[in-house]
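Q: Make the full structure from the sequences, and use the hints.
There are 2 protein chains.
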Amino acid sequence: MTETIKKVNKKEAILKAALQLFSQRSFYGTTMPDISTLADVGAGTIYRYFTSKEALVNALFFRIMTEFDQRLESDFPNGMDTRIQFHHLFQSLWGYVVDNTQAFVFINLHDEGKYLDERSHASFDKLWNFITTIIDKGQQRGDVVDLDPKSIVSLVYGPLIPISKLLINHKYTASKDFVYALEEATWRAVSSK
Amino acid sequence: MTETIKKVNKKEAILKAALQLFSQRSFYGTTMPDISTLADVGAGTIYRYFTSKEALVNALFFRIMTEFDQRLESDFPNGMDTRIQFHHLFQSLWGYVVDNTQAFVFINLHDEGKYLDERSHASFDKLWNFITTIIDKGQQRGDVVDLDPKSIVSLVYGPLIPISKLLINHKYTASKDFVYALEEATWRAVSSK
DNA sequence: AAAAAAGGAACGATCATTCATTCATTTATT
DNA sequence: AATAAATGAATGAATGATCGTTCCTTTTTT
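Heads up: the sequence lines are chains A and B, in that order.
Residues 1 to 193 (UniProt numbering) make up the first sequence, in order.
Residues 1 to 193 (UniProt numbering) make up the second sequence, in order.
One or more of the hints may lead you astray.
As the list claims (entries may be wrong) - Cβ-Cβ distance ranges computed for the label pairs, FRET-style: (1) A:G42 <-> B:D40: 36 to 46 angstroms; (2) B:P149 <-> A:I168: 13 to 23 angstroms; (3) A:E118 <-> B:I84: 39 to 49 angstroms.
Claimed, not checked - Here are some of the chain B residues that sit facing chain A, going by a computed Cβ distance under 8 angstroms: (4) S26; (5) Y28; (6) A103; (7) L127; (8) P149; (9) S151; (10) S154; (11) Y157; (12) G158; (13) L160; (14) Y172; (15) K176; (16) A185; (17) T186.
Calculated directly from the structure, the hints in this document are not laboratory data.
Virtual Cβ for every residue (Gly too), placed ideally from N, Cα, C.
A: Written out as structure tokens, the structure reads:
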């Protein structure tokens with residue numbers, strides 16, 4: 001199975017290099033030779049795994065969004081009350097950004113790119129819709145303030161964008177206590193009480 | 001003075017076109033021919049006003065950050081209490097984003113670009129530092145929750161990033177009442193009480 | 001030995017930028 | 001006032017560099 005392992009290694013090396021460069025320099029600011037050099041593969045090898053630069057960015061975007069969404073949706077406390085659900089949402093959101101800062105920067109740098117295909121857009125919408133649904137149910141129970149769900153999702157998700165830039169530049173450290181204090185502050189904004 | 005007027009018009013046409021294209025397609029995704037076509041000037045004309053593509057993006061970034069900062073700092077209620085200062089901050093922040101959505105998208109798409117010079121970085125830091133100072137003083141008075149100022153600034157500034165993307169796509173309308181309700185929600189997060 | 005994978009030189013396209021030239025306006029000369 | 005000379009803003013074809021991609025060759029695997 002050396003063959004398969006190598007194949008996987010090459011493909012993963014390309015995706016890893018692409019993530020690093022796209023998150024630092026953006027899609028158009030990154031060249032295929034840049035990626036092949038960092039991945040330590042020949043320029044032509046990339047095209048054995050991805051039909052084009054666009055196909056590569058879409059494969060990466062879709063994979064990252066799917067992993068992100070799974071992290072939010074897995075172990076979600078479906079039966080529990082709103083505050084507990086919010087706790088799970090907030091902590092898994094912050095947990096993902098702390099553990100995958102580069103991926104989160106990549107997402108927010110590219111989510112409006114015209115090179116993204118339908119599948120990529122759908123994967124982004126899936127995560128956004130999941131958060132919206134949680135907020136929506138909280139509102140139906142009367143636990144979440146009666147505001148446009150889009151605003152509330154932005155209130156929860158938005159702060160992570162500047163935070164992820166600080167994390168990348170090592171100008172921020174997200175300790176457990178820290179994140180919990182921010183959860184409480186955000187809950188104060190979102191709660192109906 | 002026809003000459004001067006024409007000069008100003010060309011320069012402004014170039015900056016206007018550059019803002020539109022950079023905010024839609026990013027710096028590297030926009031070509032100089034793209035800009036000259038949209039501005040309705042010859043390709044070489046851009047180089048009469050800006051020495052390079054980098055000089056153009058820096059001129060634009062600096063101008064936009066300076067205008068944004070002036071909007072926040074002008075008429076700021078320096079003597080007043082924290083809640084009133086927060087009201088002014090929040091409303092001028094949202095007011096700017098609603099009136100200059102394209103500019104705000106441009107800022108957040110390019111603020112980490114390696115093509116930005118020292119002057120551009122300083123203009124970004126100036127705005128960020130202004131907000132930080134307001135939060136800091138509120139904390140000293142005991143009115144603002146005792147959290148890292150960077151987190152609090154992100155809590156106030158961050159939500160505007162997804163909101164600006166929704167505004168660009170005409171999927172969000174920011175009415176007066178709406179923004180005021182969000183101000184109150186955000187104040188609940190930020191307030192020490 | 002045959003087949004698959006990998007490599008990288010080479011290709012046409014397109015990039016940022018340059019520069020010789022045009023042309024409208026101002027200044028100088030009569 | 002009329003005309004000629006000078007100016008400099010504007011242009012866009014041309015340039016060298018670099019892009020994404022291809023394809024022939026070499027290496028590795030079976």
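Q: Take the hints in turn and mark each one as holding or not.
A: To see whether the hints hold, each was checked on the structure:
1. Between G42 (chain A) and D40 (chain B) the C-beta distance comes to about 44 angstroms, which sits within the given range of 36 to 46 angstroms.
2. The supplied range of 13 to 23 angstroms is met by P149 (chain B) and I168 (chain A), whose beta-carbon atoms lie about 19 angstroms from each other.
3. Between E118 (chain A) and I84 (chain B) the C-beta distance comes to about 48 angstroms, which sits within the given range of 39 to 49 angstroms.
4. A least Cβ separation of about 6 angstroms between S26 (chain B) and chain A falls short of the 8 angstroms threshold, and the interface hint therefore holds.
5. Given hint, Y28 (chain B) at the interface with chain A, holds; its Cβ is 4 angstroms from that chain's nearest Cβ, closer than 8 angstroms.
6. Annotation: interface hint on A103 (chain B) violated; nearest CB of chain A at approximately 16 angstroms, more than 8 angstroms.
7. Violation of the interface hint for L127 (chain B) is found here, the shortest Cβ-Cβ separation to chain A being roughly 12 angstroms, above the 8 angstroms cut-off.
8. With 8 angstroms as the threshold, the beta carbon of P149 (chain B) stays out of range of chain A, its nearest partner Cβ sitting at about 11 angstroms, so the hint is violated.
9. The closest approach between the C-beta of S151 (chain B) and any C-beta of chain A is roughly 6 angstroms, which is under the 8 angstroms cut-off, so the hint is satisfied.
10. For S154 (chain B), the interface hint holds, the least distance from its beta-carbon to any beta-carbon of chain A being 4 angstroms, beneath 8 angstroms.
11. Taken as an interface hint, Y157 (chain B) checks out: its beta carbon lies about 6 angstroms from the nearest beta carbon of chain A, inside 8 angstroms.
12. Interface hint at G158 (chain B): satisfied, since its Cβ lies 4 angstroms from the closest Cβ of chain A, which is below the 8 angstroms cut-off.
13. For L160 (chain B), the interface hint holds, since its Cβ comes within 8 angstroms of a Cβ in chain A; the closest pair sits about 7 angstroms apart.
14. The restraint placing Y172 (chain B) at the interface with chain A holds, with a minimum CB-CB distance near 6 angstroms, inside the 8 angstroms limit.
15. Interface hint status for K176 (chain B): violated, as the beta-carbon distance to the closest one in chain A is roughly 14 angstroms, over 8 angstroms.
16. The restraint placing A185 (chain B) at the interface with chain A holds, with a minimum CB-CB distance near 4 angstroms, inside the 8 angstroms limit.
17. With its C-beta approaching chain A no nearer than about 6 angstroms, T186 (chain B) sits inside the 8 angstroms limit, and its interface hint holds.
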